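Novice: The lines below spell out each chain.
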Amino acid sequence: MEYFEIFIAGIFINNILLAQFLGNCPFLGTSKKMETAVGMAMAVIFVLVMAGMITWIVDTYLLKALDVEYLRTVSFILVIASLVQFVEMFLKKSIPALYAGLGIFLPLITTNCAVMGACLLNISKEYSFLSALVSSFSYAVGFGLALVLFAGLRERINLARVPKPLQDTSIGLITAGMIALTFMSFKGMV
Amino acid sequence: MAQSLAKEFTKGLWAEIPPFRLVLGLCPTLAVTKSVENGIGMGVATTFVLVFANLLVSLLRNVIPSKVRIACYVVIIATFVTIVELVMQAYTYELFLKLGIFIPLIVVNCIVLGRAEAFASKNGPVLSIADGLGIGIGFTLSLAALGAVREIIGAGTITIWGGTPVFEMVNIFPGYNPFAFMVEAPGAFIALGLMLAAMNLIGSK
Amino acid sequence: MREMISMIVVLTALTAVSGGLLAGIKSGTENRIEEQIFKFQLAPAMNDIFGEVENEPAKEQFQIEYEGMIYKFYPAKLEDGSTAVAFETKGKGGYGGDVGLMVGINIDNDQIVAARVTTHSETPGLGARAKDDPEFVTQFTDKSMDNNLNLKKNGGEIDAMSGATITSTAVSLAAVQAQNLYKKLKPEILKQIK
Chain A
1 MEYFEIFIAG IFINNILLAQ FLGNCPFLGT SKKMETAVGM AMAVIFVLVM AGMITWIVDT
61 YLLKALDVEY LRTVSFILVI ASLVQFVEMF LKKSIPALYA GLGIFLPLIT TNCAVMGACL
121 LNISKEYSFL SALVSSFSYA VGFGLALVLF AGLRERINLA RVPKPLQDTS IGLITAGMIA
181 LTFMSFKGMV
Chain B
1 MAQSLAKEFT KGLWAEIPPF RLVLGLCPTL AVTKSVENGI GMGVATTFVL VFANLLVSLL
61 RNVIPSKVRI ACYVVIIATF VTIVELVMQA YTYELFLKLG IFIPLIVVNC IVLGRAEAFA
121 SKNGPVLSIA DGLGIGIGFT LSLAALGAVR EIIGAGTITI WGGTPVFEMV NIFPGYNPFA
181 FMVEAPGAFI ALGLMLAAMN LIGSK
Chain C
1 MREMISMIVV LTALTAVSGG LLAGIKSGTE NRIEEQIFKF QLAPAMNDIF GEVENEPAKE
61 QFQIEYEGMI YKFYPAKLED GSTAVAFETK GKGGYGGDVG LMVGINIDND QIVAARVTTH
121 SETPGLGARA KDDPEFVTQF TDKSMDNNLN LKKNGGEIDA MSGATITSTA VSLAAVQAQN
181 LYKKLKPEIL KQIK
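Chains as they are written, first to last, in our numbering: chain A, 1 to 190; chain B, 1 to 205; chain C, 1 to 194.
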């Protein structure tokens, strides 16, 4: 039950993009086309879940054990950067088909604050390993959901006649605001 | 020299002002601008990291092997971010609590890594400092402006560093009822979108 | 090969310098950070709980280790002459994270003087409500060590805040934990207070 609550809350109530404001750069950057949005969403789910697990282990068995929690920021970003690099190399060699799909999005994920942010949130909420795993996954799914929804809307908006000053990023942000508004109604659901 | 120094500095204030012209660093922009005070705090913290990361990257630009450069930049940036984190905890604890995890997240602010990669790794230390300072101040101004818009509409007042509000909407429009939507998540997106449109409008003339 | 070595050397050196620098700054700011945490989180809560006190709880604080956790106790001389002690426990919350609760207990009659939420939650509206809504925590006032401080739906005596069941549960768990801790550690506390 507890895991189910974390899962639902992570996707809808505390949606990482629309309620926590993490990962907005790729949100606006890769949402112009549905295809790239889906690619980015898959890459984030993949990396975020792995990063969530590894940073939890690093934090519990290394940083807390050695009492050097002030090195958290440095070590987490190193973990994420090397993880992304590793995943990239691994996919290139072992699953070229998947690499062809996700490849170009992987380097972007290092500076995707959704990944780093979700890892930090897991720690600040003092989650157990399983809860951290569930919440990482739900944040990632929430990210994917919001991104794909948004990309769908943006494809439609591209066909509309938008006033010149509002074009592109501006109307994108306002659309995102509208989606965030609908997501607000999930508050108090759990 | 002096001319290019001034150029690198001022470009961050209008021509490449983040996050409006340089659409990067949106997460802190949207998340912390519930008030002017938070916006300025975040802006100053980011500026500090930008200037010192730029300086160090520029000094070490001939030592760092190009294959691991991103990892090196990230370590440098993370170090300064942690310094900011510790100093803020020690001296401005309340602000630190309000900004929360967005302080450690300066590490993944694409503006900082972007400047290190695009500018500091190719230019000398003095120019890099000017660039970092300019972009940082531009970012701070944007955050403060966005914070002001959201705080005035959403809370009806502007309060800086405790005490009495320096500005109250009711003094101008009697009976003004704060539009709390503006300080919530959707308000952030919409306020930034409209401000961007306003800038486009001014710029196109 | 040479390139490889230089890559490793540079990255290791950089990380080492960074670690050393941060360790220095950390030890320089440590005391000050602790003072700040006390001033902004614990002191206001304690002030709410005890009101005027005749001693300085911060200066007389002591620590007791229990089941691998270190708890800090702040003794207070109340205006009516009785002695009380305040300490912080954490209640496991669902998605909202843990909620910290400062509980003040009167040692003379083993009753709770008052309780206050201390943690700032990451999620606005969840932990925050327990903090801003004093009505919920006043339910703990004057309860004895034998009252069941769980929520009513869990067989206890505490009404949950409407629409914030998870935070309510976390707070009440923290209160129950405080009761247990106090019951177990009372002899030790008395020894330390003198």
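If you are wondering where the hints come from, they were derived from the structure by calculation, not from laboratory data.
None of these values were measured; they are calculated from a predicted model.
Backbone N, C-alpha and C define an ideal beta-carbon position, used for all residues, glycine too.
One or more hints might be untrue.
Computed list of lysine to aspartate or glutamate pairs in EDC-like fashion (alpha-carbon distance at most 20 Å, straight line) [stated by the list, open to error]:
id: 1; chain 1: B; residue 1: K67; chain 2: C; residue 2: E54
id: 2; chain 1: C; residue 1: K90; chain 2: A; residue 2: E126
id: 3; chain 1: A; residue 1: K64; chain 2: C; residue 2: D142
id: 4; chain 1: C; residue 1: K26; chain 2: A; residue 2: E88
id: 5; chain 1: C; residue 1: K72; chain 2: A; residue 2: E5
id: 6; chain 1: A; residue 1: K64; chain 2: C; residue 2: E3
id: 7; chain 1: C; residue 1: K90; chain 2: C; residue 2: D108
id: 8; chain 1: B; residue 1: K98; chain 2: C; residue 2: E56
id: 9; chain 1: C; residue 1: K77; chain 2: C; residue 2: E34
Covered by chain C, per the in silico footprint, the following chain B stretches (three or more residues, Cβ under 8 Å) [stated by the list, open to error]:
id: 10; region: 16-28
id: 11; region: 79-91
Novice: State the violated hints by number, sorted upward, taking the hints as numbered earlier in the document.
Specialist: 1, 3, 4, 5, 6, 7, 8, 9, 10
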